[in-house]
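A.B. asks: Protein chains in written order, with the numbering used here: chain A, 547 to 688; chain B, 547 to 688; chain C, 15 to 124; chain D, 15 to 124.
Mixed in with the good hints, there may be bad ones.
To be verified - Part of the chain C face toward chain B, derived, beta carbon under 7 Å: (1) M15; (2) G32; (3) S36; (4) N37; (5) T38; (6) Q40; (7) L72; (8) R73; (9) L76; (10) K77; (11) Y97; (12) A105; (13) F110.
Rather than coming from a laboratory, the hints here were simulated on the basis of the structure.
Remember, it's a predicted structure, so these values are computed and weren't measured experimentally.
The C-beta atom is built at its ideal place from N, Cα and C for all residues, glycine as well.
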Amino acid sequence: MSTTGSVSFELRNNLSELATLCEKMEGVGQTLSLSRRCLFEMNLALDELFTNIISYGFRDQSEHFIRVHISADHDVLTVVLEDDGIAFNPIDRIPPEVPCTLDECKVGGLGIHLVKNLMDEVSYERRAGTNVLTLKKSIEKS
Amino acid sequence: MSTTGSVSFELRNNLSELATLCEKMEGVGQTLSLSRRCLFEMNLALDELFTNIISYGFRDQSEHFIRVHISADHDVLTVVLEDDGIAFNPIDRIPPEVPCTLDECKVGGLGIHLVKNLMDEVSYERRAGTNVLTLKKSIEKS
Amino acid sequence: MDIVEVKQGGVSTFKLQGRLDSNTSQSFEKRLLDAISDGTKNVIIDFKELDYISSAGLRVILKATKTLKRQDGKIMLCAMQDYVKEVFEIAGFDSFLPIVASLDDAFKAF
Amino acid sequence: MDIVEVKQGGVSTFKLQGRLDSNTSQSFEKRLLDAISDGTKNVIIDFKELDYISSAGLRVILKATKTLKRQDGKIMLCAMQDYVKEVFEIAGFDSFLPIVASLDDAFKAF
Ligand SMILES: Nc1ncnc2c1ncn2[C@@H]1O[C@H](COP(=O)(O)OP(=O)(O)O)[C@@H](O)[C@H]1O
Ligand SMILES: Nc1ncnc2c1ncn2[C@@H]1O[C@H](COP(=O)(O)OP(=O)(O)O)[C@@H](O)[C@H]1O
């Protein structure tokens with residue numbers, strides 16, 4: 547007997563909203579009985595993408611909203627992130643060389659690499675001025 | 547900016563499932579940022595109805611599933627409870643006399659009274675052998 | 015649910031912690047009725063750390079109150095969260111059950 | 015995030031508690047680099063009570079490791095939750111950063 551459901555909310559483009567994201571994800575995790583590891587991996591992927599959107603997505607100083615839609619069905623968790631920042635497809639990024647030595651290892655450039663590795667599926671679409679990123683991950687129950 | 551969402555799950559007709567219900571509701575409360583009072587009132591109403599279905603709804607000894615569907619939209623929380631127990635419309639029950647003196651006060655008969663008072667709206671339908679009870683409550687944000 | 019029972023100056027205080035629901039009300043009922051049949055006449059129930067009560071919990075308190083009254087005893091309830099108090103009000107129990115703000119106030123009533 | 019810093023036998027241990035993310039990584043970076051510029055050469059980072067790390071946290075640890083190496087220092091990481099360790103593995107940091115099971119094991123390495 548699986549729990550199905552979905553939730554949608556918006557976050558302002560401010561790093562303080564990471565706490566809101568984390569709080570809501572904890573609620574989702576509890577409702578869906580997600581394992582700690584699964585919840586952690588979801589949180590991490592969303593954190594990286596959200597932080598990137600805030601850091602690189604906007605050229606003006608105005609307030610923007612990042613829309614988050616999470617749904618659970620048939621043991622698959624799907625997250626859709628929508629932002630009206632500059633067009634950016636993270637899938638196109640060339641991954642950093644892994645593993646590397648300390649000297650080769652550059653500071654930074656790990657966020658998207660983590661996202662791709664933690665999620666089972668990542669797809670991108672630019673739709674009417676909006677970046678639409680869809681993440682899929684199979685749910686391990688705790 | 548409100549959070550919208552919905553979740554569906556099933557509970558077995560066993561009192562131990564009250565803990566599952568409570569756990570899932572806590573998750574919902576956290577995701578929707580419900581106030582403690584609002585979450586408490588939702589939990590109490592669902593507890594009373596769920597306990598009644600288990601106690602009075604089934605004449606056989608087999609396992610039954612009680613379906614719970616919760617949705618939040620436009621600051622209204624809607625909960626639909628479905629069970630395949632004997633037809634029972636709680637709205638028809640005559641409420642106990644309140645307030646009463648200690649001597650007049652009968653032990654029992656408070657569950658449905660609490661539900662009606664804690665929810666803004668309660669409606670009942672018998673649909674193809676299933677009791678469908680719909681509860682509505684406006685969400686106070688914490 | 016945890017129940018801490020303290021006897022002091024002829025008064026038995028039951029401090030409730032956690033959830034008083036259909037899974038836990040029976041053990042509370044037994045503790046209360048045992049104390050009363052052991053001769054306790056004055057009872058305080060301290061709700062300070064009680065997070066949750068359902069009609070199963072109300073039922074136990076009503077039963078104990080009726081039993082105590084038959085033996086000329088007295089019950090005081092104290093330190094309820096506002097939403098727990100609301101449950102007593104909806105049930106109409108506040109019209110015959112004394113509910114006070116603090117444990118101190120409850121003691122003073124005896 | 016809370017950071018508890020302990021100096022003992024020429025080794026500075028940083029016990030991390032809570033979340034190491036983009037909101038908290040800067041204060042941790044400052045603490046680490048301050049200790050190194052004060053002459054600390056041997057550093058242990060104890061992850062036992064760390065619940066969360068993001069790439070912002072990895073970045074700080076990489077920077078500190080590079081700085082320490084230039085000064086012939088040494089860093090040891092210990093007691094990670096399995097899912098925190100996974101992050102280091104995906105990043106490939108486990109190929110040049112020593113990650114051991116316990117604080118004891120970390121001390122023994124100096
Ligand atoms: N939403 C975005 N909009 C524009 N550019 C982005 C966005 N997200 C990431 N980038 C670019 O991709 C790069 C790699 O991102 P990431 O892998 O998260 O590592 P880091 O943020 O540490 O550089 C960033 O440095 C940035 O140039
Ligand atoms: N799901 C149900 N199916 C059949 N009868 C029910 C159901 N729920 C409640 N009832 C009947 O309604 C009565 C009142 O219920 P309630 O107000 O919860 O108080 P209590 O359970 O203490 O009697 C019950 O005693 C029972 O006879």
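A.B. asks: Compare the structure with each hint and give your call.
C.D. replies: The hints, checked one at a time:
1. M15: Violated. Min distance 12 Å.
2. G32: Hint violated; G32 of chain C Cβ to chain B Cβ min 11 Å, cut 7 Å.
3. S36: At about 5 Å, which falls below the 7 Å cut-off, the nearest Cβ of chain B leaves the hint on S36 of chain C intact, so it holds.
4. N37: holds, 6 Å
5. T38: Since chain B brings no Cβ nearer than about 10 Å to T38 of chain C, farther than 7 Å, the hint is violated.
6. Q40: violated, 11 Å
7. L72: holds, 6 Å
8. R73: holds, 6 Å
9. L76: Given a least distance of 6 Å, the restraint on L76 of chain C holds.
10. K77: With a minimum Cβ separation of about 6 Å from chain B (threshold 7 Å), the hint on K77 of chain C holds.
11. Y97: holds, 5 Å
12. A105: With a closest approach of 5 Å, the A105 of chain C hint holds.
13. F110: Given a least distance of 4 Å, the restraint on F110 of chain C holds.
Against the hints set out earlier in the document, violations occur for numbers 1, 2, 5, 6.
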